[in-house]
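All chains, please: the whole structure from these sequences, using the hints.
Line order of the protein sequences matches chains R and S. Under our numbering, the residues of the first sequence are numbered 1268 to 1731, in order. Under our numbering, the residues of the second sequence are numbered 1268 to 1731, in order.
Simulated from the structure, these hints should not be mistaken for laboratory data. Note that CB positions come from ideal geometry on N, CA and C, so glycine has one too. Any given hint might turn out to be false.
Calculated pairs, DSS-like style, for lysine-lysine (alpha carbon to alpha carbon, straight line, at most 25 angstroms) [as the list claims (entries may be wrong)]: (1) Lys1456/R - Lys1527/R; (2) Lys1611/R - Lys1342/R; (3) Lys1474/R - Lys1553/S; (4) Lys1627/S - Lys1653/S; (5) Lys1346/S - Lys1474/R; (6) Lys1527/S - Lys1541/S; (7) Lys1474/S - Lys1553/R; (8) Lys1430/S - Lys1456/S; (9) Lys1708/S - Lys1474/R; (10) Lys1553/R - Lys1541/R; (11) Lys1319/S - Lys1474/R; (12) Lys1708/S - Lys1319/S; (13) Lys1474/S - Lys1541/R; (14) Lys1547/R - Lys1611/S; (15) Lys1474/S - Lys1611/S; (16) Lys1527/R - Lys1541/R; (17) Lys1319/S - Lys1288/S; (18) Lys1288/R - Lys1326/R; (19) Lys1326/S - Lys1346/S; (20) Lys1611/R - Lys1547/S; (21) Lys1726/R - Lys1346/R; (22) Lys1679/R - Lys1326/R; (23) Lys1547/R - Lys1553/S; (24) Lys1547/S - Lys1346/S; (25) Lys1547/R - Lys1627/S; (26) Lys1547/R - Lys1346/R; (27) Lys1542/R - Lys1527/S; (28) Lys1326/R - Lys1342/R; (29) Lys1653/S - Lys1627/R; (30) Lys1346/S - Lys1679/S; (31) Lys1326/R - Lys1346/R; (32) Lys1379/S - Lys1542/S; (33) Lys1456/R - Lys1474/R.
Away from chain S, derived, C-beta distances all over 10 angstroms, residues of chain R [claimed, not checked]: (34) Glu1329; (35) Lys1527; (36) Glu1528.
Here chain R is said to cover these stretches of chain S; the calculated rule only asks that three of the stretch's residues, wherever they fall, bring their Cβ under 8 angstroms from a Cβ of chain R [to be verified]: (37) 1479 to 1493; (38) 1568 to 1581; (39) 1654 to 1660.
There are 2 protein chains.
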Amino acid sequence: MEHVIAEYMRQHRTENLNQLKEWLAIPSISALPEHNDDMQRGAQWIADHLEKIGMENVKVYETDGHPVVYGDWLKAEGKPTALIYGHYDVQPVDPVELWHSPPFEAEVRDEKLYARGASDDKGQVFMHLKVLEAILRTRGTLPMNFKFCIEGEEEIGSANLPKFIEENTELLSADVIVISDTGMLDRGKPAICYGLRGLAALQIDVKGANSDLHSGLYGGAVQNALHAITEILASFRDGNGRILVDGFYENVQEMTQAEKEAFAALNMSEEPLKKQLEVKELFGEKGYTHVEQTWVRPTLEVNGIWGGFQGEGIKTVLPNEAHAKISCRLVPDQQPDEIVEKLKRHIAAHTPPGVEVSVKLFDKGAPYVTPLEHPAIQAGARAYEKVYGVPTAFTRGGGSIPIVATFDELLKLPVVLMGFGLATENFHAPNEHFHLENFDKGMETLAHYWYELEEALQKEESAV
Amino acid sequence: MEHVIAEYMRQHRTENLNQLKEWLAIPSISALPEHNDDMQRGAQWIADHLEKIGMENVKVYETDGHPVVYGDWLKAEGKPTALIYGHYDVQPVDPVELWHSPPFEAEVRDEKLYARGASDDKGQVFMHLKVLEAILRTRGTLPMNFKFCIEGEEEIGSANLPKFIEENTELLSADVIVISDTGMLDRGKPAICYGLRGLAALQIDVKGANSDLHSGLYGGAVQNALHAITEILASFRDGNGRILVDGFYENVQEMTQAEKEAFAALNMSEEPLKKQLEVKELFGEKGYTHVEQTWVRPTLEVNGIWGGFQGEGIKTVLPNEAHAKISCRLVPDQQPDEIVEKLKRHIAAHTPPGVEVSVKLFDKGAPYVTPLEHPAIQAGARAYEKVYGVPTAFTRGGGSIPIVATFDELLKLPVVLMGFGLATENFHAPNEHFHLENFDKGMETLAHYWYELEEALQKEESAV
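In structure tokens, the structure reads:
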């Protein structure tokens, strides 16, 4: 990469950040129907920006859910093509009172950009655009061909993207998919993520009597929906953090010895994490380190629960309804459908007398692991090292990007997860932010990457 | 009672109901601070009405919480005095969307008066006023002396009434306390309640990490506050409905054989209750009938629970906070303070690693049993029989009127619970209502009662 590209990015930094703030101001919360218009605005904004930087064939594709934005630049004849995937939807912002600045009014404090979506994933998608813009403006051309696929349903399980991909395999055909939606190991420590956990999410609804009841008149003789749901939820896990759902661990790949050693070599001790989270102790499945627990072990988490009286003071009610949302993070070779069935059987078997339980499926995605040796991944590691000056760690991610497995399945392409977020950046929580140091270095890394990648993929082809 | 009194009440029925609707329109919800002004208005309304019917020394006494309304009529020289206790505060109305008519716009449908407080307890307090008014207007005098004590904190545990009673024992001195805040056995089946359960209510707050976390990044390695609270709540009870809190049943009086037989003789089968509540089966402590479970056995109910994401769809969050409200119904000789200590010990012992738990005490009241043979109770039974034409059942109540135990302790007076509500009237739930049949017959019964009571107490005195 020539110096002139980096210089261009430096000169346009303020302008770039102001543009990003515009996008972050659109509350594109995919989970909440009242934000449907904002989803359209969020999609249109990035479509317009793709055109602005020189992409062609830009189009906002309607789906049965939120739209998908596409754009490409295919003028590097004979060169390989990268498909850049990202998402313009963001998580809900509640509890909004815990934000120190409004979630949709991006604010830079202490060289961090605070806003919902700053890191996950608008900030990182935006970097990709600005890197290609800088190369085009300074070099007049790009080292390879590019396609963008930016969706609006990542935070709610990408329900409509598989159909879009299936119907547009030609449009989306490429040599590699690059996604920046994961994190670095720590400040100054770049990482390439070679595996992700999958997801299976459910809502459990418990119904008892036909009305809330007076706990004095009926208490003791009628099943309480809240008791019932706590019994069901408590039955999922033992005191050692092991999931008690029958067959839950059946298809779980155990770590290889090499993997175990590689993770241990990262020296990620518990202490900084305990300090960061302000907890006296961590808690997870016995027999695994906290790194192993989050990267290669499956989980079952209660994401939300509600029922009965939540106001101030006391209301001596015997509630007739209770609700909970749960989600499992899955690891290879657990299959979401298989896990959902096992969860349903467990729930049915653990439903106490006097209530009816129904289960609603929300969301699922298969886990994914990509071969470490792939040239596209090795090229990424070299690009990081050039900018950050330290060796790139190879990690697995605890989160889920269900669509990664779908890309793998439908397009048969290697996926490279080059993320620039930090674990401390509160994505999915109040006060999400993005370190601007990684905004700058990340863009430099990506600029290097496209040249490294073009070279690596060409070499591979000549080798073939 | 002379016919003229009943006739007077019939003639003034519409006028009376319209007055009651005015009072019911004041949303005097003691639990919610935003209704503090309504509490003042609710108190003032009944104070004004006490004056209107001819009571004297009427005064709204301020307390550290909501005010207490007093009024008396003491012109029956040499005659006994009844203290009539009731409350003008009502329960919250949520979920308000389940009401078929607005909770504070009383509406008569199918000879039932629908409104929050229609049955519990404004409707029943109001009946007492209208009975004395009818006697005064038709006879010019009352058969005995009367005092009213109408408080505004019954639904939140009557925290300030004990102090008021202690400071005003002379003002409140009487021969008997009469309370209409309980129910009949069924339509057309009057009952006098000779025992009530006590109450101990707590809020449990669980705190994990310093922020909600991303369930992908941290899930599996960090304690989830919702898991923790479900474990605590599930630990309270076994599959047979027995409370597992250490020593919980230690001081529980077992039923006498006579009591067991008396309850069985009431022939209260499970079927109508199951039909009413639309449940396939009841659920309660094994080895006891549903009547015994609600009248003489203690309970522990979860009244409310909340934490994490409650919106539509899914948010893959690992929540750092969870909250629950629980309350126990207590029976003689359980003491609320003793039970609260045992609950706290249980919660501490069942708190899983990685979270901190705090407990906030809301509300407590001792259980109470009054001797069946007392002439004031027997007089009540006779009054009911005269109007309803069937024998009066002697029951115990599953609910709590904590102040009953306080009256017993502070004023050393017998307490007569003559209630006119029905168990199906949804008090504490949406669509609270009151059968007007019992509004009419109840007032007739009370009119009889004061003459019966005066006679019975005079006889008792001459016997002594």
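Each hint, compared with the structure:
Simply put, Lys1456/R and Lys1527/R have alpha-carbon atoms about 20 angstroms apart, close enough for the 25 angstroms limit, and the pair holds. Between the alpha carbons of Lys1611/R and Lys1342/R the distance comes to roughly 51 angstroms, so the proposed pair goes past 25 angstroms and is violated. As the CA atoms of Lys1474/R and Lys1553/S are separated by approximately 22 angstroms, the hinted pair is consistent with the 25 angstroms bound. With a C-alpha separation of about 48 angstroms, the suggested pair Lys1627/S and Lys1653/S falls outside the 25 angstroms cut-off, and the hint is violated.
For the hint linking Lys1346/S to Lys1474/R, the alpha-carbon distance of about 55 angstroms lies beyond 25 angstroms, and the restraint is violated. Note on Lys1527/S and Lys1541/S: the hinted pairing holds, with a Cα-Cα distance of about 22 angstroms set against a maximum of 25 angstroms. For the hint pairing Lys1474/S with Lys1553/R, the CA-to-CA distance comes to about 22 angstroms; that is within 25 angstroms, so the pair holds. A hinted pair counts as satisfied when its Cα atoms are at most 25 angstroms apart, and Lys1430/S with Lys1456/S does not qualify at roughly 37 angstroms.
The hinted pair formed by Lys1708/S and Lys1474/R fails the criterion: a straight-line CA distance of about 37 angstroms is larger than 25 angstroms. With a C-alpha separation of about 17 angstroms, the suggested pair Lys1553/R and Lys1541/R falls inside the 25 angstroms cut-off, and the hint holds. For the suggested pair Lys1319/S and Lys1474/R, the alpha carbons sit about 48 angstroms apart, so the restraint of at most 25 angstroms is broken. Of the pairs offered as hints, the one joining Lys1708/S and Lys1319/S holds, with about 23 angstroms between alpha carbons and a cut-off of 25 angstroms not exceeded.
Proposed proximity of Lys1474/S and Lys1541/R is supported: the alpha carbons are some 14 angstroms apart, at most 25 angstroms. This hinted pair checks out: Lys1547/R and Lys1611/S have alpha carbons roughly 21 angstroms apart, not beyond 25 angstroms. Among the hinted pairs, Lys1474/S with Lys1611/S is consistent with the structure: their alpha-carbon atoms are about 16 angstroms apart, no more than 25 angstroms. The straight-line distance between the Cα atoms of Lys1527/R and Lys1541/R is roughly 22 angstroms, inside the 25 angstroms bound, and the hint therefore holds.
The suggested pairing of Lys1319/S with Lys1288/S holds, with an alpha-carbon distance near 16 angstroms, which does not exceed 25 angstroms. Taking the CA atoms of Lys1288/R and Lys1326/R, the gap is near 22 angstroms; set against the 25 angstroms cutoff, the hint holds. Between Lys1326/S and Lys1346/S, the direct Cα distance comes to roughly 24 angstroms. Compliance with the 25 angstroms bound is thereby established for this hinted pair. Restraint check for Lys1611/R and Lys1547/S: satisfied, since their Cα atoms lie roughly 21 angstroms apart, inside the 25 angstroms limit.
Among the hinted pairs, Lys1726/R with Lys1346/R is consistent with the structure: their alpha-carbon atoms are about 12 angstroms apart, no more than 25 angstroms. At roughly 24 angstroms between alpha-carbon atoms, Lys1679/R and Lys1326/R fall within 25 angstroms of each other, so this suggested pair holds. Straight-line distance between C-alpha atoms of Lys1547/R and Lys1553/S comes to about 40 angstroms, which puts the hinted pair past the 25 angstroms bound. Our distance criterion of 25 angstroms between C-alpha atoms is broken by Lys1547/S and Lys1346/S, whose separation comes to about 54 angstroms.
For the hint pairing Lys1547/R with Lys1627/S, the CA-to-CA distance comes to about 22 angstroms; that is within 25 angstroms, so the pair holds. Annotation: proposed proximity of Lys1547/R to Lys1346/R is violated, straight-line Cα distance about 54 angstroms (limit 25 angstroms). Distance hint between Lys1542/R and Lys1527/S is unfulfilled; the C-alpha atoms sit about 59 angstroms from each other, more than 25 angstroms. In summary, the hint linking Lys1326/R to Lys1342/R is supported, as the alpha carbons are separated by about 18 angstroms, within the 25 angstroms threshold.
A hinted pair counts as satisfied when its Cα atoms are at most 25 angstroms apart, and Lys1653/S with Lys1627/R does not qualify at roughly 56 angstroms. This hinted pair checks out: Lys1346/S and Lys1679/S have alpha carbons roughly 19 angstroms apart, not beyond 25 angstroms. This hinted pair checks out: Lys1326/R and Lys1346/R have alpha carbons roughly 23 angstroms apart, not beyond 25 angstroms. At roughly 21 angstroms between alpha-carbon atoms, Lys1379/S and Lys1542/S fall within 25 angstroms of each other, so this suggested pair holds.
For the hint pairing Lys1456/R with Lys1474/R, the CA-to-CA distance comes to about 50 angstroms; that exceeds 25 angstroms, so the pair is violated. With a least CB separation of 20 angstroms from chain S, Glu1329/R remains clear of the 10 angstroms interface cut-off, as annotated. Consistency note on Lys1527/R: stated as away from chain S, and its beta-carbon is indeed over 10 angstroms from all of that chain's, at 16 angstroms minimum. Non-interface status of Glu1528/R relative to chain S is upheld: no Cβ of that chain comes within 10 angstroms, the nearest being about 19 angstroms off.
Restraint check on the segment 1479 to 1493 of chain S versus chain R: 14 residues with Cβ-Cβ distances below 8 angstroms, three needed, restraint holds. Only residues whose beta carbon comes within less than 8 angstroms of a beta carbon in chain R count, and the segment 1568 to 1581 of chain S has 14; three or more means the coverage holds. Counting residues of the segment 1654 to 1660 of chain S whose beta-carbon sits less than 8 angstroms from any beta-carbon of chain R gives 0, not enough to reach three: the coverage restraint is violated.
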